Amino acid sequence: DAKTTQPTSMDCAEGRAANLPCNHSTISGNEYVYWYRQIHSQGPQYIIHGLKNNETNEMASLIITEDRKSSTLILPHATLRDTAVYYCTPNFGNEKLTFGTGTRLTIIP
Amino acid sequence: GAGVSQSPSNKVTEKGKDVELRCDPISGHTALYWYRQSLGQGLEFLIYFQGNSAPDKSGLPSDRFSAERTGGSVSTLTIQRTQQEDSAVYLCASSLVGPGNTIYFGEGSWLTVV
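From first to last, the protein sequence lines stand for chains V and H.
If you read the first sequence in the working numbering, its first letter stands for residue 1, the second for the next number, and so on.
If you read the second sequence in the working numbering, its first letter stands for residue 1001, the second for the next number, and so on.
Source of the hints: derived by calculation from the structure; they are not laboratory data.
Some hints here could point you the wrong way.
[Said to hold, decoys possible] Here are the computed lysine-lysine pairs in the DSS-like style, where the Cα-Cα straight-line distance is at most 25 Å:
#, chain 1, residue 1, chain 2, residue 2
1, H, Lys1011, V, Lys3
2, V, Lys3, V, Lys69
3, H, Lys1017, V, Lys96
4, H, Lys1057, H, Lys1011
5, V, Lys69, V, Lys96
[What the hints assert, rightly or not] Some chain H residues judged to face chain V by a derived CB distance under 8 Å, without partners named:
#, residue
6, Val1019
7, Tyr1033
8, Leu1043
9, Gln1084
10, Ser1087
11, Pro1099
12, Tyr1104
13, Glu1107
If you're wondering where the values come from, they're calculated on a predicted model, not measured in any experiment.
Built from N, CA and C at the ideal position, the CB exists for glycine as well.
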């Protein structure tokens, strides 16, 4: 069984908010939701993570549903440099990460 | 250093040769991970070091692959008798130990076996 389900691909206009959904219905109570992105084949870049509450940092916002079975990553003002593959993954925070196939986000000029 | 440092960034080697890839984790991070990613493929876990505990080697694809972590800091991934299917980017990551910590990745070592 896949741990997460994400759309295969999404487009977003430059300057608009990009909203990337993720379903993680089998997440356990102590697992955090982590988001990473990967541009071409560079090393995955950490974006944000959360447990129950919504989180915001300089890169993005993370909205987690009350039942914790899904979350949405929000890039508030997408730029061309945000074009990448985005991965969500449940993790306790200090164990090996497992990435699914992710969402290929393309920012359209 | 500020981030996870890997060397070499690129390596081309002949089939059958041994290669060593180095990882310098973020200072103070006791957990260190190795992954690899073949072109167009997903992330594949190889090995995990955590403090003085025995490493989790469950992802190593064959006995040609081995890794060491000396002094709890720098790690070396060794691939013996390289094969063409070993061509991939090898990614190192590190983290603190404990719930909610973040795993940070290096930029990877691109290995091409010709």
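### Violated constraints from the hint list, given by number and in increasing order
Hints 1, 3, 6, 9, 10 not satisfied by this model.
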